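> What follows is the residue order along each chain.
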Amino acid sequence: MNHGIRIQLQHACFTLVAGLFLGLLLSLPAAGAGFSYGEVGTKNDDCLKCHGDRSKVDKRTYVDQDRFSHTTHARFGCRSCHDGVSASHPDGRSVAHTTTCRDCHDTVAVEYGKSAHAGKAACGGCHNPHQAVRPEQVSGDDLNRQCANCHTKQKIITSHSRWLPQAGLHMESIACVACHSKAASFVVSIYIAKHRDKDEGEAIRTASYAELATKAGSGELQALIDRNHDNYISLDELRRFNLNPDNKELYLRGMIVPLNPTHTFQTFDDRWNCTFCHASGPEIMQTSYLTLPKPDGTYAAMSVERGAVLDALHTIPDFYLMGSARNTTLNKIGLAIIAGGLVMPVGHGFLRFLTRKNR
Amino acid sequence: MTTRIYLQPLPVRIWHWLNALGIVTLCLTGAQIRFPEYVPLFGSYRGAIMLHNTAGICVALSFSIWFFYYKLASNTMEKIYIPTLTDLKLFPRQVIFYFFAYFFGVPNPHHATPDNKFNPLQKSAYLAIMFVLVPLVSLTGILLMNVAPLREMVVLAGGLKILVAAHFLLACSLCAFLFTHVYLATLGKTPLAYWKPMWTGWEDVEEHGQTAKH
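Residue numbers (my numbering), protein chains in the order written: chain X, 49 to 407; chain P, 4 to 217.
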């Protein structure tokens, strides 16, 4: 091979490799992320044409489009998990897939594998991947509802009643995972609840988006409490909400929820001790969020001024944590009353001692 | 010369001491429940709550004994507890005795009899205690003991915090009364002179009538 031809071949190879490399480089944004948003959107639409329509698929394979569209999973696209869909689908055969939750959530899987729940329920037992949202987008009731799928409310109350006073009250005021998983911190989540309608069984019910939207009229939902629209709830705004006669059928309800709960589900020894929660004014009990429902079924949290839980009367009237949420002003009034009771023994007793010779 | 009169019938004594034990227990356990880090008297927090609830039920039951005895069995409730016009007229005299005359050795102007046990000051105090304070503290306590099943009533009362605040302040008032009550019970001829009839039922009365309950 002469020199000229060799140079031409080298040049052609270089061009080919460079072209391939360049082509690969250009395709990286899509390939690296695993999808292109536009492409995925279209592909999801293809799937959801059937799977988002109750009349075309059975309950098991139906996907609520509204709720799915807000999940991180939707961004990855149906095929990311359902990778075994054949060209002939739907052909009556079930779709195999090789992707598992562990492929992405490996840390959680390891954590969960060590918990008391491992082997009793798979991920899908608690999480619907087509509705999975971040913990802060879920209400405390929603969290507990997941548990109630297996652990019925009555059984939970019965088992806790063996050692826990007012088990029913605890169950409705605390997220199960607050005690049965490790969490870095706890906060009080405030919900707008509605008085029981005559035909409803439950005494407590968090007001739905539709109910609050009707109440808010043309305005935004948060305007029911956040009067100055600063996305921050002051104690004064909470008081005004409670004292507003227009809100007489609504009331604010508090629930203890963990921040970033882990999957270490078990019964921890320190949770048998009531003082784990009922100790004097821990920091956590001063942190609270107003949690408002959104049209898609998720919840949005808004910061609340510190100390809402400790306010004696007007902030969250229906939430009280003995030992922790005691009010300092009331303590002082109580102390003054008791001291008043000592005036007679001490004052009269002193004069009695001084005049003892008269009797 | 002294004679003995049967001043405190058995049901009244049972009620009184059950009430006393219950209220003292309630005050101490209540203090631990509200201030767990300062008053760890009864071991675990749960233990304090269980004891508080039990004592609360005992006091509510003893209140029933009191009510049924005075209202239904002896039918003397109004006579003993409701101040009459005469009582109101004698009210200043009794105040002067306690806060002035007593120190100069003047005898108590009120003479206790089974039908007229209490002096005007006592009648007024016990009227407030037994007809307002104890029923209200019991009612708020019963609601607080059963928040979930009685949720509707809790909400009607203005919510848990209002109930807790009312229960706490009423309990403090009862505790304050307790100090005064125990002290006044030592104002007899001897410090235990007024305690004895509440234990045995019998009180020694001087023939010429110089005895009375505080």
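No lab work stands behind these hints: they were computed from the structure.
Some hints here could point you the wrong way.
[What the hints assert, rightly or not] Computed cross-link-like contacts, DSSO-like style, restricted to lysine-lysine with a CA-CA straight-line distance of at most 30 Å:
{"#": "1", "chain 1": "X", "residue 1": "K405", "chain 2": "P", "residue 2": "K82"}
{"#": "2", "chain 1": "P", "residue 1": "K199", "chain 2": "P", "residue 2": "K82"}
{"#": "3", "chain 1": "X", "residue 1": "K296", "chain 2": "X", "residue 2": "K242"}
{"#": "4", "chain 1": "P", "residue 1": "K74", "chain 2": "X", "residue 2": "K405"}
{"#": "5", "chain 1": "X", "residue 1": "K168", "chain 2": "X", "residue 2": "K230"}
{"#": "6", "chain 1": "X", "residue 1": "K162", "chain 2": "X", "residue 2": "K263"}
Treat the numbers as computed from the prediction; the structure is a model and nothing was measured.
> Each hint needs a verdict: does it hold in this structure or not?
The hints, checked one at a time:
| no. | hint | verdict |
| --- | --- | --- |
| 1 | X:K405 - P:K82 | 37 Å, violated |
| 2 | P:K199 - P:K82 | 24 Å, holds |
| 3 | X:K296 - X:K242 | 9 Å, holds |
| 4 | P:K74 - X:K405 | 43 Å, violated |
| 5 | X:K168 - X:K230 | 19 Å, holds |
| 6 | X:K162 - X:K263 | 46 Å, violated |
Of the numbered hints given earlier, the model fails hints 1, 4, 6; all others are met.
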